[in-house]
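Numbering (our numbering), first residue to last: 1032 to 1161.
Wrong hints could be hidden among the right ones.
Simulated DEER-style distance windows between Cβ atoms [to be verified]: (1) Leu1137 with Glu1091: 20 to 30 Å; (2) Ser1080 with Leu1159: 30 to 40 Å; (3) Asn1146 with Arg1078: 23 to 33 Å; (4) Ala1083 with Leu1137: 18 to 28 Å; (5) Arg1081 with Leu1137: 17 to 27 Å; (6) Asp1070 with Gln1145: 14 to 24 Å; (7) Leu1159 with Glu1091: 30 to 40 Å; (8) Arg1124 with Asp1071: 30 to 40 Å; (9) Gln1099 with Arg1078: 37 to 47 Å; (10) Leu1097 with Gly1139: 30 to 40 Å.
In short, the hints are calculated from the structure, not lab data. The beta carbon of each residue, even a glycine, is placed where N, CA and C say it ideally should be.
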Amino acid sequence: MQTKTMGRIRQEIEIDGRRCWTLFDFGARQSYIRQQAADDLELTELRQSRRAMLGGSSHEIRHACLIQAEVEGRPLEFQAAVIDEIGQDEDGREIDILFGALAMQLWGIGLDPQNERLDFSHYSRDFLEF
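Model the full structure from these sequences, guided by the hints.
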């Protein structure tokens, strides 16, 4: 299931067999996961906490985690900051993960709002570095 909202796409991704409601948003630079969705993941405590403004609220970030997920059957991993709550989407559904622009750029994931889907035309499992 997926839906769109003005340059953002919402859909489920799979993490360790669990489905997480995810907002793919180029307007957010970083990625975030809400604490409840991160409960079974290995968290890394940050040496120094930091703050992030998200959805009009300030959040203190004390932990981060490496998320290994599948998006439409494609494997990928990305780092996310752990926060108490991300918020609800326009339909009132709790957002588990905010997948930010840096992670989308890393994996070549684009947004196709006209067709209400993610664009994987530049997705690659292999990286060529120069």
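Give me the numbers of the hints this structure contradicts, sorted from smallest to largest.
-> 3, 6, 8, 9, 10
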